[in-house]
Each structure stands twice: as C-alpha cells, then as structure tokens.
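Protein chains in written order, with full-length UniProt numbering: chain W, 1 to 92; chain H, 1 to 185; chain L, 1 to 994.
Treat the hints as calculated values from the structure; they're not laboratory data. Watch out, some of these pointers could steer you wrong.
As the list claims (entries may be wrong) - Computed cross-link-like contacts, SDA-like style, restricted to lysine to any residue with a CA-CA straight-line distance of at most 25 Å: (1) L/Lys269 x H/Leu183; (2) W/Lys15 x L/Thr453; (3) L/Lys725 x W/Ala87; (4) H/Lys171 x H/Asp29; (5) W/Lys15 x L/His732; (6) L/Lys281 x H/Asp29; (7) H/Lys171 x L/Gly589; (8) L/Lys609 x H/Pro126; (9) W/Lys15 x L/Gly585; (10) L/Lys609 x H/His15; (11) L/Lys687 x L/Leu793; (12) L/Lys609 x H/Leu183; (13) L/Lys725 x W/Asp76; (14) L/Lys875 x L/Arg695; (15) L/Lys881 x W/Lys15; (16) L/Lys423 x L/Gly619; (17) L/Lys281 x H/Arg114; (18) W/Lys15 x L/Phe578; (19) L/Lys991 x L/Asp773; (20) L/Lys725 x W/Tyr43; (21) L/Lys991 x L/Leu793; (22) L/Lys991 x L/Arg695; (23) H/Lys171 x L/Gly619; (24) L/Lys269 x H/Arg175; (25) L/Lys725 x L/Leu737; (26) L/Lys281 x H/Pro126.
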Amino acid sequence: MASLISCPHCGPRPKEEFAVRGDATLLRPAPEASDEAWHAYVYLRANPRGVHVEHWQHVGGCRRFLVVERNTLTHDVLSVADAAEVAQGGAA
Amino acid sequence: MSDLSSLPVAFDWQHPLSAILTSDVRAVDHLEILARPSIARVIAAAGESVAVAAILGGMAGVRAAGPQEWIVLDDDPQAALPARLAERLGSLAFVLDAGDGEVCLRLSGPHCRRILAKGVGLDLHPDVFGLGDGGFVLCHAIRMHLSRTGDNLFEILAPRSYATSLLDALKRMGREFDLSVGLSG
Amino acid sequence: MSAHRLLTGGLIDRGKPLSFTFDGRRHSGFAGDTLASALLADGVSLMGRSFKYHRPRGVMTAGSAEPNALVTVGGGTRREPNLRATMVELHETLTAVSQNRWPSLATDFGALNDRLSALLSAGFYYKTFMWPSAFWEKLYEPLIRRAAGLGRATLKRDPDAYEKAWAFCDLLVIGAGPAGLMAALTAGRAGLRVILADEDFRLGGWLLSETRLIDGRPAHDFAAILVEELAALPNVTLLPRSTVFGWYDDNVFGAVERVQKHLPIPSDKQPVERIWRIVAKRALMATGAEERPLVFGGNDRPGVMMAGAALTYAARYGVAVGKRVAVVTASDSGRQTAAALARRGVEVVALIDARTASAQASPMPEGARTLTGAHVVDTLGRLSVEGLVTVRAGFEERLDCDAVAMAGGWNPRVHLACQHGAKPVWSDVHQAFLPPDVGPDFQAAGAAAGLSTLAEALGDGVRKATAVVADLGRSAPTVPLPEIDAEEAASGAAASPVWLMPGARSKAFVDFQNDVHAGDLALALREGFGHAEHAKRYTTNAMATDQGKLSGVNASGLLAAMKGLSPAEVGITTYRPFYTPVSFGALAGTARDEEAVPHRLSPLDGWAKAQGAMFVEAGLWHRPAYFPRPGEKDWRASVDREVRTVRAAVGLCDVSTLGKIELFGPDAAEFLNRLYCNPMLRLPVGKARYGLMLREDGMVFDDGTVSRLGHQHYLITTTTAMAAKVMSHLEHAAQVLWPALQVRFASVSEQWAQMSLAGPKARQVLQAVVEDDLSAEAVPPLAAQAVTLRGGLRGRLFRISFSGELAYELAVPAGHGRAVAEAIMAAGRAHGICPYGLEALNVLRIEKGHVTHAELDGRTTPDDVGLGHMLARQKPDFIGKRLSERYGLTAADRGQLVGLVPVDRQRMIRAGAHLLREGAKPSTLNDQGHVTSACYSPTLGHPIALALLKSGRERLGERVLVWDRLHKEEFLAEVVSPVFVDPDNRKIEPKEPA
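Excised from the complex, chain W in its bound form (with noise of 0.2 Å):
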C-alpha cells in the first residue's frame, strides 16, 4: 500500500489516516433484484493482482469517501477522486 494518498480535498496524506472499505465498482442491486446480484454484492470479492478500485474513506481528514484506483503490484496510486462526485457522474 502506498505511503501517502492525495486526497481530492486535503491534499497528500499519510496513509494511517484512511480507511479502506474495499471494492468501489460493486454498485448496490434494485431491492428486486435477484439473489445471486444480492449474493454477489454483499460476500463475493476480487482479489487483482494489478490496478485494483477500492472505497477509501479519509476518516481522520475530511471524512471523505474517496475512488482510489491503485495497483496491488507496484503499490503505484492511479489517481484518487471523491466518491460522490464520481457517482453522480464524475462532475468536479
């Protein structure tokens, strides 16, 4: 894991002040939706070796959920936006 985390909002961080809360790309199913998506969204989990999109909130910053895109590999952080934003379609 990377050292720092620039946050979209506090700038570079130390990493100790984030807390991860795992797969950004999972989006939550309609209530009537079927149960393998229910099933899939709640317990089933990538584990990529490469550019993996994670949910991290800047809990001891800005309080923030952040889209952190990072590699598992190099340890190298794509690029990091807040999560609101991206959800409503990436408007800055």
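Fit chains H and L to the supplied structure of chain W, relying on the hints for placement.
Chains H and L alone, transformed into the frame defined by chain W:
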C-alpha cells in the same frame, strides 16, 4: 421540592481543561488554551455551497472544514456566532453550536512547526502551508482541525472528550523546546 | 599512551580523556573514539564470541557492518544488548560487557561446539532435531532456546522517552561522504530543502579516513568546511547519528536518529531516539561501499580485519591495529590501503597479493615484502593472530604478524534501493553488484553507484544533485571540484574477485556472526540447496543481526564459482528493511503505557470523580462502573444498592458517551427510513422512536433512538461502542449509495452532556431543575423536546427508558453538564438519589430483557433477539432488507433470546457458557446456544441471564444444562421469558400520584 431553594439559578460553565496546571512563565513557544470562544459549524444545504462560501468569505474567523463545511470562530464568548450565522444564512445552511464540543488551542513560537512535526503528517513549511490554510488532520490518533493563522501561529480545534489526551500529547511534543501552556483571559 | 595509540593524528580530542570499563576492566580513550577504537588502542583485540561455535572474535570493521564486536552496554534499566562496538560513541563512565561466552571471554565453555563442529554442519537443525518427534517440545526446543540469542535484554521498564516525527524535503541525501556532501552542497546552494543524514556521529564518511590532501588541506578539514557551510544554510537540515533504514512507497524514508545515546545520562527533555518519516521528492543514495572480506583458512582470528577499517583506525582514531601488519589483497585497492597505512605510521610487514606480478604496479612501502601470486591458507595464534601461512607456487611460508588487513574489493551499499524488490545488478566491469535503476526519484551516487575513486565520487555528487535541482525547476550553482593530491587512476575494469583462497587448512569463514564457512556452502550445494535463497536458509548465511553486510556477496560469489556460473546468474538474496537493527523503543515512539491510545473523558467526568466513581475503560472512554460507599464490602454490594435505588427511588447515570448525530434536509426522513429496518417516515415532530439498523447481510448493526426535533431536523443516538462505525455507515450511505438525497448531518456527540434520570421519583427530581411542565401529559413516554432549565439554560429532554422505570434523558451543552448533574443530585437528595454506573445500568437492562452488543454480536437478526416485529417488510428498501429474507435467517431453529434462571438459585451463571439439552453429553456437538449476559438480580434476589437458545421462544419452562467447560461448571437452569421485571411496562408511567 424542598431542595429547590438551595439550587443555583444558573449553571456554571466549565472548560474541559480548567483543572490543568499552567506554566508559571510564558516561553517563546507557547500553547494558549482559549477560555471560551464562540464556535459554530456551518454545513451548506445541498446545492448552496457557493452561496454560503460567498457570505462567509467576507467574515473573520472562518476556517475551511472540508467540502461544503466550515467552522467559524470568535474569541468572544458573547459573540453568539451560531445564532447570528443561522439568521444570516437562513435556509442556505445548517448551523450547529460547537462552543461546548470543541476546544481551541493556539500554538505560537519559533519552533511551532518542529513541535507539530512530532504528531502531524503534513508539510507545514511556510511555502507549502500558507497563511489561512487548514484542515482536519490526525495527531497521535486524535482527529483535530489545524489551521495556520499567523507566521508562526497555528490554531487547533479538537473534540472536547479528547482535550486532555491531546494536551498531554502537545506538551510531550513541546518538551524539547520548553513549551509553556496557559489559559487565555 | 596506550599500547596501540599512534603519537599524533586522528580526529580525537587528546585533551579529553574518557574512562570506561569492558568486562569489568578499566580502560581509557578520548572524546571522538568509538568503543572499538578505544579498545584497540588499549590493545584489546578479543571482543566477542561467535554465535554457533563460540570462536574468539575481534573487531572486523570500523562501521555499521560489524559482525563480531557485539557488546552489551549500560546497566540496570538502560542495559542494551547486541550493540556494535564500532558504532558506540565513547563517553565517560561507559560500561560494556562481552556476550555469548561463559564464564569469560577468554575461557568459554561454549567453544566446545567448535570441537563438535563436524556434528553441527549446515542444516544440522533440520537433520538433528527431526527425530524422535516427542523430543521436540521437552528437549530440543528448550536446548535451542538456551543456546540461541546473543546478549540479554533487560526486563526492567525503559526509563527513556522515544518519539516519531515527520520531515519533508526536496532532496534527501543518505550518507555524508564525498558524494553526499557535494550533493547536499549543490542542492543546498540552489535553495532546495535538503536533509543530509548519516549514521556516523561525525559527518564526512570516507573523507575522515582519507590520507591524501584535498585542495592542499587534510581531507577531514575539507569535509569540515563543507559541513560548516551546510549547517549555516537555513534550507539544509543535518542529521548526524541518523541511519536511514528503509525506503517505502512514495519515496518515504524511515530513519532512526540516536539523539542522546552518546550521553552518559540523557536529558528528560529529549527522546533518546527518534524515528523520522522523511517524505522526499528526490533522494540520493550516497551510502558508499563495503569492503569485501577474503575467504581463507583462519580468516576469523582476532586481529584479522578489513583493510579499510585498519586505515580508518589509523587515520581517524590514531590507532595502529597492529605493530606488524600483513595486508592480504586481490586488488589495487588493497595496495593503496597498504600504502596509506604506511603513510599514517603503521608498520606494514608484508603485502600478499593473490594476483601475479603483472597485474599491478603501485609502489610498496619501504620494508614491506611483497608476495605476489600468493594465498593465505591459515592463520596462527589462539585468541589473537600471531602469524599466517602462505603458499606461493606450492611453496609454503610462515609470516610473523599481529594483525592481518584483508582487501577483497568493494561492494556498493545497494541495500536501500533494493527494498522494493528490485535486484542488484552484477557488473562484469566493476566485478560487483551495482544498485538497480529504480527511477529518477531515488538514485545512487559515488561509491554506492560503483565509482571507485575519490575524484569520481566528489564529481558524481555534484552531477546527480545538479540533475535533481534542474528536475525540480531550479538552477544549480556551479560547484567547483577540489584538487586531490596524488590522485589514483580512474575506475577501470576491476580485477576478478578471489572468492576463495585455495588450500584452506582450517575453516574459511564467509559469515562471521553466524559461523558459516565455505564448506557449509559447498555442503548446501551438494545437498540440493544451491539457490542463493535456499543456501541462505540452509546455512544461515546472512541471517545474523548484520544481515550479511559482509557475507552476502561472498556467498553468491562462492556459489557461482562452485557452479561455474557468473554471480549474475546466481544473484543475491532479498534486501528488506531495516538496514541495521532499530530498537523496539524507537519503533513504539510515544505509543506506550497510558499514551498508547488517547482516552476520552465525558463532560461529567469531574462530577463522577467527585462522586467517588470507580472507572472502567470502555473503548477509548473512561466510564464510571459503580460508585462505592463506605462499608460496602465489594463491587456487587455497590451495584446491588444502585439497582435497588433506581427501582425504588431514583438514580442518575452519565450517558454522554452515546453517539449523537443530527440530520437536516428535505430527504432526512427518507434517508433514515432506508437506514433503519423499522419505519421512520411518519415519526411525529417531538417524538422519539427506538430504531434498529441492519447490515446489508441482514444482521443487526446497531440500535438507538431516532428523535424528530423539527420538520426536517432529526437527532439519532448510537451505542457508545458503535458511534464511530455508525457515523461512517451514514457517510457511506450519503456519499456512495444515495448521493442524490438531500440530507446533511454532523456528529454532535461532543457538544452535549447527557444524563439518564431513572426511577419512580425521577419526575419530581427533574422538575426541580427544569422550568417546563413535566407532567405525563406534557412529556409523555417517547417525548423528545427542547426544554428550558432554571436560569434559562436550553437543553433537550427525551422520555426514554432503558431500565424500565420512569426515566428521562436530559441533554445540556457539555460545559454546563457538571453543574446540572450536581443540581440534580442536590434536588434528589431528599428522595434518596444515587449516581449509578455501567454495572448497574447493565443489571437494570438485563432484568428488563433489553439487548446490547452482548446479544447484537453481528450474528443475530432482529427476530433472534425478539425484535422481528420491527422489520418493516412493506418498505420498498432499507439496508439489509433483501438478505434478511434469506431462508437461513428466518429458519425456526435459530438461536432466540430467552431468559435463564438457575434451578439452584445460588448458582451464578456466566456469560459465554454453552447450553445443552438436559442429560446431553457435554460436548460442543450438542450445543443448543449460549449465555450472552448474566448478572445477579437484586430485584429478584437470585442470578439471572439472557441467552440465545435454539427455538428458544418455544421452550419456555424447559430445563437446560448450563455448561462452562472453562470453569468446569455444569448445572441446570430453567428457560423463562427474557423480561424478568415488570413485563407489562407499568413502571414506565407509575399510576400513583407523586
């Protein structure tokens, strides 16, 4: 109801750090504990952050506190900031009184950055962390708001329940420089 | 003057003698000495015993790579084992003792292992201790444990302070030798923020050992002038005594600064050690090179050491390591060192060069014999070297000498650059492993980059720093390069290393600390462990505290030679942090004892202390557990009294630690409706409601209350334990799941002091401090409203009961909390009020069958704990709705909340005990459930418990076996309703007039 007559008509207000030992002599590096500032938290209503920022932009004591949130502070306890801001901002924002929930500390002196470096993972060099810059940071596992309010002057806002632990940490961080501690007012 | 101290020279202060002891004997040295240099000056060459064979060993290096001279320094609480004597700065009254020997360094019984070495060959752990397996626990492990380890750590409390700090810079220069100093100067003059760190207490690196003049002055003076200029630059930070031990992601470096380790008594104003986390835009690894030992028979006898170290002792410390020194080499550098030793007044009696005469040309000091094409096959002497045996063209010769300086070539110190997994690169030109290219942010400079001459190193420092300056958008000043007397030839093709001198007559050591010799590596290869990483594990080569700084490359070279390959094909074992050992104290920093984690104090903390509370840690909080009174013989007596007082009169409890979140906005109701499993849309203004949050998997997440303070204004409470998690849960929902909802919220936990006033007299007492009408009509159960206290203070009042009694929760601004609590206590005195703590709170809720996280343990559904009716399945969606409908979560045989009463009313039930059918064999295979909460009920006069029992609600009246294997208890209990007290809720609103 027999005890009613002996009850106070008003209830004393107590600072969470009122019982601490303060320094006899003020050193060049000093930590001032504000006696009872008026503190308000302002949260813009959905879609109103630009309008709120415009209004707050003209005011003193405004600290950025993350997206669409601000902390406004006045040293004067009579300032009644929460009520004034609520009136001024109307439906644009939600205003919360934080005067009891936060403690305010001011760290000043030539070694203030070296003291803070012992707890805060943030580059505080004057060219990087400018006057008026600020935000929430983690310091010895305590989330606090740090802002630069002068050349060698930093302001810290921290949750009341952590005040004693944070003060202990700051004293330890400042021991090398004989940091003094005092209550204002 | 001491036996081996030269008459002049050295960077020691001969005006400041220091006295110290080693193994109880008094010695003296000077300020500027290390423990090793002072001992050598006093003629002490035996400094330690090796790990496995307990062979006598002397100092081999003058730096951090030292494998042999490990000592324990200090006594009492400050006793510190395994320090390298070469890195211990001498101070007055220093006491050091040798290690790994008994009864003394000169006579060590453990040396018997050396005689038994045929039995202790490589891999002997794996072969010897395999069988019989029953011997492992009883015999082998205790035996190995006793033999293992070097010095002994103190078990006493460390009296000193440690800390961690952050630093940020444009350029971090690691190593203050020729390249590092020039790099720091170049970048410093250009205005960059520079940090220059060096593990030594004096900056200068090799310049402190150099015997030639630079710009017409001694090399150490040249270094001192550079250091002086750097120290004066405000943008440059010098960190002497600081080892950069790790290179982490994003160019963050770890360094440990030994702030006060060199002082007899540290000041309490500073830490003794400080960990730096250095965030560097660019970094230069100017860490120099480590001299390579030569592997020949008897190369571990005290007095045999690195040639460069011998020169450092002469030039820097004014110490001749011997009166008759033999130099053994296979390279030009050994010849140059021999010449420099002679220049510094050390008598070199012989130069033994493994190469033939044609390979070299440099002149030799007068009086020294030169033997070319010669090998050393053995050394003579016991506790120190007295001579050596050479073989030249089959002709054997004995040479008298009292020190042997070996020069096998140079290994760039590539460690840091390889910590991310990149491997060092073998260079045929340099005949050495060079640092890998790890990108522009971290580059090697000088000898660390494979350069071998002083002029090249100085120039490389300027060049690499100039590139960094330009890269960061600044213009670099011209830094002129100094003139060097008698410059040596520039780096050319290096000679092939001699990995093993043939014909060894005794063990030829590769790893000195772990006693791995050339034969061990050969055995590893024969037995199929020839891969560099396998050979390391099989032989323990490079696994000692020095992590193979001297032995790693030689082992690769030997394996390569034995396999007939290039070292490039064999490679070298992995480098990981830390470069050198870092103390646990430094790694812990300030996070120890009470300061390990912050603690949180309630606004009513002062009030509770004044009331004599006994406190308990609950997460980060310090909360009152109970309030003992004189004459109460134990905590139970206090708790029982508190419970009875609440049931009969009134009690006051601090509940400020509950999480409190205020929500605003047009969609606040909808947001809450999706967060809680029960309906929230039609909660009236001025009312509170119990709420249950689920996780998405259908299990209960947390419970609390929801109060509607205004049309679009809510206040929710969380349990103390889950306050932070619930906040994060809300933030996730608002920012990630439903960012379109117009809701804003903030934690107000810190702003309010909150107290619960419970008991039949609660209303009368509260009315004494609250001005508003508190009648049942004005403030009915589950009312939530703003109130005015006497004197005009504004607060919030909630008619909420956890105890089952008539109860209120009153919230006031935190700063007024203590005064309000004291006023309530004063008002309640006539009614017999008492404060009650967490213990009584727990008993009260168990008696009433209310659940906490003891029941809501992440595996229970609402129905499991009897709250299935709260699930609003008609709601279109809420978190946890979909998966709570799964068969497994609705099965009839799930554990269900029940009450338990012991058949023998004297038996205390313990939480955690298992439940079995009456008569069933005690086994977890027969498990029917478990006890979640248990207490003595003062109201009923006997123990009670809450439990989760399979299909429990159908089994009321049944007897079950309570089985606690841990406490060896088995007894019967009766299954009853979980509501033990006032099942009809009559006490919430007492009928009789006040």
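Structure-based check of each hint:
1. L/Lys269 x H/Leu183: 23 Å, holds
2. W/Lys15 x L/Thr453: 42 Å, violated
3. L/Lys725 x W/Ala87: 22 Å, holds
4. H/Lys171 x H/Asp29: 11 Å, holds
5. W/Lys15 x L/His732: Roughly 19 Å separates the two Cα atoms, so the pair holds.
6. L/Lys281 x H/Asp29: The hint is violated at about 30 Å.
7. H/Lys171 x L/Gly589: 15 Å, holds
8. L/Lys609 x H/Pro126: 44 Å, violated
9. W/Lys15 x L/Gly585: The given pair, whose Cα atoms are some 22 Å apart, holds under the 25 Å limit.
10. L/Lys609 x H/His15: Distance ~16 Å between L/Lys609 and H/His15 Cα, so the pair holds.
11. L/Lys687 x L/Leu793: 21 Å, holds
12. L/Lys609 x H/Leu183: OK: L/Lys609 and H/Leu183 at ~23 Å, within 25 Å.
13. L/Lys725 x W/Asp76: Cα-Cα ~29 Å, so violated.
14. L/Lys875 x L/Arg695: Holds, at about 16 Å.
15. L/Lys881 x W/Lys15: Status violated; Cα separation ~34 Å.
16. L/Lys423 x L/Gly619: Status violated; Cα separation ~45 Å.
17. L/Lys281 x H/Arg114: Answer holds: L/Lys281 to H/Arg114 is near 20 Å, not above 25 Å.
18. W/Lys15 x L/Phe578: Roughly 20 Å separates the two Cα atoms, so the pair holds.
19. L/Lys991 x L/Asp773: Roughly 18 Å between the alpha carbons, so the hint for L/Lys991 and L/Asp773 holds.
20. L/Lys725 x W/Tyr43: 20 Å, holds
21. L/Lys991 x L/Leu793: 31 Å, violated
22. L/Lys991 x L/Arg695: 40 Å, violated
23. H/Lys171 x L/Gly619: 24 Å, holds
24. L/Lys269 x H/Arg175: 5 Å, holds
25. L/Lys725 x L/Leu737: 16 Å, holds
26. L/Lys281 x H/Pro126: 17 Å, holds
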